[in-house]
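Kindly generate the complete structure, drawing on both the sequences and the hints.
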Amino acid sequence: MEMLRFATAGSVDDGKSTLIGRLLYDTKTIFEDQFEAVERASVQMGTEYTNLALLTDGLRAEREQGITIDVAYRYFATPRRKFIIADTPGHIQYTRNMVTGASTADLAIVLIDARKGVLEQSKRHAFLASLLRIPHLVLAVNKMDLVDYDQERFEEVRNEFRDFAAKLNIADLTFIPVSALHGDNIVDRSANMAWYQGPSLLHHLEEVHIASDRNLIDARFPVQYVIRPQSDEYHDYRGYAGTVAGGVFRTGDEVTVLPSGFSSTVKSIETFDGRVDEAFSPMAVTIRINDEIDISRGDMIVRPNNQPTVAQDIDAMVCWMNERISLRPGSKLVIKHTTRSTKVIVRDLSYLLDINTLHRDESAAQLSLNEIGRVQLRSQVPLFFDEYRRNRQTGSFVLIDEATNVTVGAGMILGPVS
Amino acid sequence: MSFDLTHLRQLEAESIHIFREVAAEFENPCLLFSGGKDSIVMLHIAQKAFWPARLPFVVMHVDTGHNFAEVLEFRDRRVAELGARLVVASVQEAIDAGKVTEETGPRASRNRLQTAVLLDAIEQHRFDALFGGARRDEEKARAKERVYSFRDEFGQWDPKNQRPELWSLYNGRIRMGEHIRVFPISNYTELDIWQYIKDEQIEIPSVYFAHQREVFERDSMLLSTGPYITLMDGEEPFIERVRYRTVGDMSCTGAVESSADTVDKIIEEVAATRITERGATRADDKVSEAAMEDRKKEGYF
Chain A
1 MEMLRFATAG SVDDGKSTLI GRLLYDTKTI FEDQFEAVER ASVQMGTEYT
51 NLALLTDGLR AEREQGITID VAYRYFATPR RKFIIADTPG HIQYTRNMVT
101 GASTADLAIV LIDARKGVLE QSKRHAFLAS LLRIPHLVLA VNKMDLVDYD
151 QERFEEVRNE FRDFAAKLNI ADLTFIPVSA LHGDNIVDRS ANMAWYQGPS
201 LLHHLEEVHI ASDRNLIDAR FPVQYVIRPQ SDEYHDYRGY AGTVAGGVFR
251 TGDEVTVLPS GFSSTVKSIE TFDGRVDEAF SPMAVTIRIN DEIDISRGDM
301 IVRPNNQPTV AQDIDAMVCW MNERISLRPG SKLVIKHTTR STKVIVRDLS
351 YLLDINTLHR DESAAQLSLN EIGRVQLRSQ VPLFFDEYRR NRQTGSFVLI
401 DEATNVTVGA GMILGPVS
Chain B
1001 MSFDLTHLRQ LEAESIHIFR EVAAEFENPC LLFSGGKDSI VMLHIAQKAF
1051 WPARLPFVVM HVDTGHNFAE VLEFRDRRVA ELGARLVVAS VQEAIDAGKV
1101 TEETGPRASR NRLQTAVLLD AIEQHRFDAL FGGARRDEEK ARAKERVYSF
1151 RDEFGQWDPK NQRPELWSLY NGRIRMGEHI RVFPISNYTE LDIWQYIKDE
1201 QIEIPSVYFA HQREVFERDS MLLSTGPYIT LMDGEEPFIE RVRYRTVGDM
1251 SCTGAVESSA DTVDKIIEEV AATRITERGA TRADDKVSEA AMEDRKKEGY
1301 F
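Same order as they appear, the protein sequences are chains A and B.
Position 390 of the first sequence, counted from 1, bears residue number 390 in this note's numbering, the numbering being contiguous throughout.
Adding 1000 to a residue's 1-based position in the second sequence gives its number in this note's numbering.
If you are wondering where the hints come from, they were derived from the structure by calculation, not from laboratory data.
Glycine is no exception: its CB is placed at the ideal position from the N, C-alpha and C atoms.
There may be inaccurate statements among the hints.
[Said to hold, decoys possible] Computed list of chain A residues with no C-beta within reach of chain B, every gap over 12 Å:
1) 153
2) 171
3) 197
4) 208
5) 266
6) 362
7) 363
[To be verified] Covered stretches of chain A, as calculated for chain B (at least 3 residues, CB under 8 Å):
8) 71-77
9) 141-152
10) 247-261
11) 303-316
12) 332-345
13) 403-411
Pasting the structure below:
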């Protein structure tokens, strides 16, 4: 069975919770005791109907305030695929959470209310999905029942969104007219919209082709941990454990180790279950090489004829995630990039991006909570990276405040500073 | 050649990555082992992450003293097979030493006492990271908990102030006295766990399989009779064919009526069931709507 991770963005008003509730309910994922707990809570809160949003609003504070604070992960499966939903709140103040949920997603569902059309919020969600390079975007035009399942209205909304999406980098865009409340085009094709020839939402989630989304070209192996058993049986054993971050490694491959630049060949690729002939993303393996080279955590094993950029000056888009401190030129932070952690200083802030209008404000002096900007960083030691658009693993990083140890920023690398 | 991984292989790879990351970045991690299926799976994956080396951390059991005998036997055998070091944090010893006070009455449970004993052990052994076998599909509060869950010097979880967690970049930076709870199998569901147990042919304690047991009904749950529990008026013990979906403290873990005596039959049963495992079997979660959230804030697993 394959696995698909998707993120949903939208507010309660868009029917996002209803949509998730519907997917869980129709795939028989909502259990009786969960449903009963939600019914009890609905009665306590005095709502007239069983509020499916309560299924996803897990924390006491959320139920008390009627808001969603954080990313919630939901699970369901069909015979075809296992699904992990990163359910993120859609309000502007929660850009941080959307970016978090989007970072690991293969697909994003953005909900639009058919009556309201493309709002600023929908644009913001689509922009973040494209910034985070989610390969597949589904625009679910919801509440079709409230516009009499009208094809024209659907097409208006679709065209409006297409005009906006032309400015973004979205590889695969699918439009589906749905009614989450009534289940139209969620699991089965809707009888109310015979004019719609495409797949139902669930059918699309089951069938969308994700196998080629991974980078199988640029071999990248960030060394995570060195395995040295120091036992009698494995006296001289030395293996480099890690998760393949791109490309394919095979036994016998010529490899180069960064930063030393030394070359060797792959002696074997090992796992607890035995040797494998090849390893690709996201396999977690142990690579052994034929020559004794000093390799440690934070180094990267690559192919000699296909190496990442090695640089200390990095150009990146950064989403700021902290309310107490902000990012300014001169800020000193800790960066965690693949398995390497080092210090960085912010050299420059080129511009702050208005995520509603895509306008670039070059006069901005700082990045505050939920703001996104283009930033130049200088790292203490060289980092080995690819453009984020080419590789989400070797192109991403987080920034940590050294005083509080809190994760304050998330970055997507554009390239070295030219 | 196809470059596809099944969902179980992807989940396993993610867990292995988390284990290695913690082993590389922390001074003194520890794996919490209860003898339940989730911690058994977690231990199995840990073994894979470091093979052919031994586990680079100790295994700790917070022992309420109300265990199933077969689970304790299983624990000791498994730890010996792995050549791992076992630390037992005993609730009974804490009671005897007067550090915690046992609840009284027929509904007395040592569940809450575990938290104090756990926090005490963390302090005593100076653990800076603790692997736990919690899954996000178990409970609503857990659905929102990070893989790396930061705990302050009082062991407390602050759900409103969690560190953002993106890609597979985990932030394990802490100050002295703080620690991180790490959940390597966060993304497994109950069904995934069973399918993985089947695929990997992992041994699990016999109480998970259908067996005859003397039980009685309380709060619509079947509890085992035994030395740790006092029957209340009107509670009549009877023999039933049951199995456990979760294995914890005997006094608050319920059995379910079942004839599933093989892993295949359990998978069938789990796939068809309409009640979550905690809902079916845990008295401790029934106290209130936010029971788990409240206990987690105090420092529970």
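Comparing the hints with the structure gives:
no., hint, verdict
1, 153, "35 Å, holds"
2, 171, "19 Å, holds"
3, 197, "29 Å, holds"
4, 208, "14 Å, holds"
5, 266, "17 Å, holds"
6, 362, "27 Å, holds"
7, 363, "27 Å, holds"
8, 71-77, "holds (count 6)"
9, 141-152, "violated (count 0)"
10, 247-261, "violated (count 1)"
11, 303-316, "violated (count 0)"
12, 332-345, "holds (count 4)"
13, 403-411, "holds (count 4)"
Checked against the numbered hints listed earlier, the structure breaks hints 9, 10 and 11; every other hint is satisfied.
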